[in-house]
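Asker: Numbered as in the UniProt record's numbering, the sequence shown ends at 66 without a single skipped number.
Please keep in mind that the hints were generated in silico from the structure rather than gathered at the bench.
Take these hints with a grain of salt, some might be off.
[Said to hold, decoys possible] Simulated crosslink set (SDA-like; lysine to any residue; CA at most 25 Å straight-line):
{"hint": "1", "residue 1": "38", "residue 2": "19"}
{"hint": "2", "residue 1": "45", "residue 2": "31"}
{"hint": "3", "residue 1": "29", "residue 2": "65"}
{"hint": "4", "residue 1": "56", "residue 2": "16"}
{"hint": "5", "residue 1": "20", "residue 2": "38"}
{"hint": "6", "residue 1": "38", "residue 2": "55"}
{"hint": "7", "residue 1": "20", "residue 2": "42"}
{"hint": "8", "residue 1": "56", "residue 2": "23"}
{"hint": "9", "residue 1": "32", "residue 2": "44"}
{"hint": "10", "residue 1": "16", "residue 2": "29"}
{"hint": "11", "residue 1": "38", "residue 2": "59"}
{"hint": "12", "residue 1": "16", "residue 2": "46"}
{"hint": "13", "residue 1": "56", "residue 2": "33"}
{"hint": "14", "residue 1": "38", "residue 2": "21"}
{"hint": "15", "residue 1": "32", "residue 2": "16"}
{"hint": "16", "residue 1": "38", "residue 2": "54"}
{"hint": "17", "residue 1": "28", "residue 2": "39"}
{"hint": "18", "residue 1": "56", "residue 2": "19"}
{"hint": "19", "residue 1": "20", "residue 2": "56"}
{"hint": "20", "residue 1": "16", "residue 2": "27"}
{"hint": "21", "residue 1": "56", "residue 2": "46"}
{"hint": "22", "residue 1": "29", "residue 2": "62"}
{"hint": "23", "residue 1": "20", "residue 2": "65"}
{"hint": "24", "residue 1": "28", "residue 2": "16"}
{"hint": "25", "residue 1": "32", "residue 2": "50"}
{"hint": "26", "residue 1": "45", "residue 2": "27"}
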Amino acid sequence: MALTLSLFSAETKKPKTEVKPEFKCEGKKYCKEMSSCKEAMFYLKQCGVSRLDRDKDGIPCETICR
1 MALTLSLFSA
11 ETKKPKTEVK
21 PEFKCEGKKY
31 CKEMSSCKEA
41 MFYLKQCGVS
51 RLDRDKDGIP
61 CETICR
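Whenever a hint applies, use it, and build me the whole structure from the sequences.
Answerer: Printed below as a string of structure tokens:
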């Protein structure tokens with residue numbers, strides 16, 4: 001009976017609303033193209049634009065991300 005209840009409760013949960021991402025990987029490659037540190041961090045971590053972190057310290061665009 002416990003199994004039946006857990007399956008039933010899983011089916012009655014409301015689906016989560018889809019959250020739109022704040023940024024997209026749209027081909028930006030340079031710090032001068034970034035509008036914020038948050039966007040630069042997104043491009044470094046999610047899009048793999050490693051050139052944004054020249055000194056490889058994990059902080060992109062040091063002029064923006066102080």
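Asker: Does each hint hold? Answer for all of them.
Answerer: Going down the list of hints, with the structure as the test:
no. : hint    : result
1   : 38 - 19 : holds (17 Å)
2   : 45 - 31 : holds (14 Å)
3   : 29 - 65 : holds (16 Å)
4   : 56 - 16 : violated (37 Å)
5   : 20 - 38 : holds (16 Å)
6   : 38 - 55 : holds (18 Å)
7   : 20 - 42 : holds (14 Å)
8   : 56 - 23 : holds (22 Å)
9   : 32 - 44 : holds (14 Å)
10  : 16 - 29 : violated (33 Å)
11  : 38 - 59 : holds (11 Å)
12  : 16 - 46 : holds (23 Å)
13  : 56 - 33 : holds (19 Å)
14  : 38 - 21 : holds (12 Å)
15  : 32 - 16 : violated (36 Å)
16  : 38 - 54 : holds (17 Å)
17  : 28 - 39 : holds (10 Å)
18  : 56 - 19 : violated (31 Å)
19  : 20 - 56 : violated (29 Å)
20  : 16 - 27 : violated (30 Å)
21  : 56 - 46 : holds (16 Å)
22  : 29 - 62 : holds (15 Å)
23  : 20 - 65 : holds (24 Å)
24  : 28 - 16 : violated (31 Å)
25  : 32 - 50 : holds (15 Å)
26  : 45 - 27 : holds (14 Å)
Hint compliance for this structure: hints 4, 10, 15, 18, 19, 20, 24 are broken, all remaining hints hold.
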